[in-house]
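Q: Each chain, written out:
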Amino acid sequence: MLDLKPLILLAALIAPALAAAQSAEDRGLQIVRAADAYDRGFADFAADMTMTLKNRAGDTSRRLIRIEMLEVEGDGDRSLSIFDEPADVKGTKMLTYSHGLEPDDQWLYLPALKRVKRISSRNKSGPFMGSTFAFEDLGSQEVEKFTYRYLRDEPCGEFVCHVIEFFPAYEYSGYTREVVWMDGEAYRVFKVDYYDRKKTLLKTLTTSEFKQYLGHYWRPGRMEMVDHQTGKSTLLEWSNYRFRTGLDEADFRSQALKRID
Amino acid sequence: MYRLSVLLCLSLLPALAAAEFSGNVAVEGQVFSEAPQSAEQFDENLTLSFQPHWDGRWNDGDDLWSVELFMRADNKDAGREHADVREALWLHIDRDSEWRVGINTMFWGVTESRHLVDVINQTDAVENIDGEDKLGQPMVHLKRYQDWGVLDLLVLPGFRERTFHQAEGRLRPPLVIDADQAAYESSAEDRHVDYAMRFSQTYDNLDLGLSWFKGTSRDPLLLPGVDAEGNAILTPFYEQMAQFGIDAQWIVADWIWKLEAIRREAESNDFNAYTAGFEYSFYGVFGSDTDLGAIVEYSNDSRPKNEASVLDDDVFVGGRFAFNDAQSSEILAGFFVDAENRSRSFRVEGSRRVGASWKATLELQTFSNIDPADQLAALADDDFMRLEMAYYF
Numbered sequence: 132m133l134d135l136k137p138l139i140l141l142a143a144l145i146a147p148a149l150a151a152a153q154s155a156e157d158r159g160l161q162i163v164r165a166a167d168a169y170d171r172g173f174a175d176f177a178a179d180m181t182m183t184l185k186n187r188a189g190d191t192s193r194r195l196i197r198i199e200m201l202e203v204e205g206d207g208d209r210s211l212s213i214f215d216e217p218a219d220v221k222g223t224k225m226l227t228y229s230h231g232l233e234p235d236d237q238w239l240y241l242p243a244l245k246r247v248k249r250i251s252s253r254n255k256s257g258p259f260m261g262s263t264f265a266f267e268d269l270g271s272q273e274v275e276k277f278t279y280r281y282l283r284d285e286p287c288g289e290f291v292c293h294v295i296e297f298f299p300a301y302e303y304s305g306y307t308r309e310v311v312w313m314d315g316e317a318y319r320v321f322k323v324d325y326y327d328r329k330k331t332l333l334k335t336l337t338t339s340e341f342k343q344y345l346g347h348y349w350r351p352g353r354m355e356m357v358d359h360q361t362g363k364s365t366l367l368e369w370s371n372y373r374f375r376t377g378l379d380e381a382d383f384r385s386q387a388l389k390r391i392d
Numbered sequence: 392m393y394r395l396s397v398l399l400c401l402s403l404l405p406a407l408a409a410a411e412f413s414g415n416v417a418v419e420g421q422v423f424s425e426a427p428q429s430a431e432q433f434d435e436n437l438t439l440s441f442q443p444h445w446d447g448r449w450n451d452g453d454d455l456w457s458v459e460l461f462m463r464a465d466n467k468d469a470g471r472e473h474a475d476v477r478e479a480l481w482l483h484i485d486r487d488s489e490w491r492v493g494i495n496t497m498f499w500g501v502t503e504s505r506h507l508v509d510v511i512n513q514t515d516a517v518e519n520i521d522g523e524d525k526l527g528q529p530m531v532h533l534k535r536y537q538d539w540g541v542l543d544l545l546v547l548p549g550f551r552e553r554t555f556h557q558a559e560g561r562l563r564p565p566l567v568i569d570a571d572q573a574a575y576e577s578s579a580e581d582r583h584v585d586y587a588m589r590f591s592q593t594y595d596n597l598d599l600g601l602s603w604f605k606g607t608s609r610d611p612l613l614l615p616g617v618d619a620e621g622n623a624i625l626t627p628f629y630e631q632m633a634q635f636g637i638d639a640q641w642i643v644a645d646w647i648w649k650l651e652a653i654r655r656e657a658e659s660n661d662f663n664a665y666t667a668g669f670e671y672s673f674y675g676v677f678g679s680d681t682d683l684g685a686i687v688e689y690s691n692d693s694r695p696k697n698e699a700s701v702l703d704d705d706v707f708v709g710g711r712f713a714f715n716d717a718q719s720s721e722i723l724a725g726f727f728v729d730a731e732n733r734s735r736s737f738r739v740e741g742s743r744r745v746g747a748s749w750k751a752t753l754e755l756q757t758f759s760n761i762d763p764a765d766q767l768a769a770l771a772d773d774d775f776m777r778l779e780m781a782y783y784f
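Residue numbers (this note's numbering), protein chains in the order written: chain C, 132 to 392; chain S, 392 to 784.
So that you can see chain C by itself, here it is in the shape it has in the complex (with noise of 0.2 Å):
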């Protein structure tokens, strides 16, 4: 009989040196990694989004727009917004190709020329509609378009939440880094704080009232964005979520942007 005592101990010595020896870039990815290999596979959803933006002194204004998004094989996600409020922009539509690091590409439509516009995509801090929400924020996830690093787990909520730090690796973004909080279990985020160039505290995303859909994918309800430096803040309902309504490539052509919808 060959003893194995020695052996197990060993064992039990080494595993945590080892664990400990992958590196926190290493730790951040493989958990990224895991989240989109979770997410993957939705096919396509469509959902309708209110924006309610706030200024300072309380105001709002409100926005209503309609998603419709195509999960692309081997590329970034085609996404479609359809805006129905406020009344003098009804109609307008923008059409996403995105692309991981490559530039996106993009159409606008504008229904009172009836024209559709490429526009230039490296717009990538700027607001959306007017929104403490940029573009970056909004856009398509790819696990390439940041670095990562593994900072701790710690409770957020009922759940256990690793704390991670995305660097963007695409040109042109207003950040420095982010500091996001996802569970480990469903990979939800709950929370991401976003430093600006000067690496100071710019905005905060809170996100909650999470559902399931097909028994597999959490979409948040809530979304709100405060702006530290501005005050400003702006929040996301999203409502009517349908996942696999059968949405297709011939969906998302940029000139199907001139049918009447």
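Calculated from the structure, these hints are not laboratory results.
Even for Gly, the Cβ is constructed at its ideal location relative to N, Cα and C.
There may be inaccurate statements among the hints.
Said to hold, decoys possible - Derived coverage of chain S by chain C (criterion: at least 3 residues anywhere in the stretch with Cβ under 8 Å from a Cβ of chain C; other residues may be distant):
(1) 585-598
(2) 698-712
(3) 770-784
Knowing the structure of chain C, use the given hints to seat chain S on it.
A: Leaving out everything else, chain S in the frame of chain C:
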């Protein structure tokens, strides 16, 4: 028979009842700062416009209908008082094709300062001098999506005559254009059936469009004539023409390079024209949220200066400021300068949302250093300011 029509109406009700209604009502005031060329022309006016839109869908969204009307009433300018059906359309969508039957308004092209390739719809010229307002065009339009590009095939039965200012209106040539005396080269007159085709495709960062049109020219020749009282006037003459067009844009980071070029063949003249230039985007200028798009475009027309269009050898330099605020404030400012005689026209247009449903637009247009031989000479005394308040619903 009565019962049948009742049944038919009842069966259509669900589609009609699901109709969505939207649109806008706008009040616009206009002030001209200089004395007019002719004493009968007004100095300021007030006008009301109404643009309702209905649309609906059936057949699980594969079939859609839409109706859009436009009406304008004016306290001084009878020539601007008009009504038009911008859209009365049935749209059928298949996976790789779309059918549009009815009246529609469409746009082809890429450049900002001039729209050479855009020949399908007649210009609603009394609305604005930028030529971007269009009259609805009857059509049967098939769009086919192929792996190698998108093909548009159009049959255009029926022709729309251009709208013109009348004697009391500003922004018109010294001689009044009498639309009632419009004449045609074709004996079919405004019932001539026109044809158009377009191929378009995106090759990575290059968008390319090739188009062809054969039929009644949307741009009339203006011929000397006399009215019932024997006064000298101009009469529109609509020729037959064939036009081949190319439009292209090339996206290189923050640059978008643009080209539109046409070859037009008609009885009076064969000519070439093009507009070429770029738009360069600056984001978050001066550390603000404001984006600035700088636009430079050059327009050329091969006809002799007195026969060519206004933009025969002109440079456009402009900037579009988007403030990205909650009110979607925007300013578009720019000027045209004739490279040969230095005649200049300057225009600035600013708009901003007011409350949830209103939008205010201010437009200022000036003409300066106008060479008497330039086609802009007709508008030399017509500097104006225009304020519009529109309610959207």
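Q: So, for every hint listed, does it hold in this structure?
A: Hints, verified against the model:
1. 585-598: holds (count 3)
2. 698-712: violated (count 0)
3. 770-784: The restraint on the segment 770-784 of chain S holds, since 3 of its residues have a Cβ under 8 Å from chain C and three suffice.
Checked against the numbered hints listed earlier, the structure breaks hint 2 alone; every other hint is satisfied.
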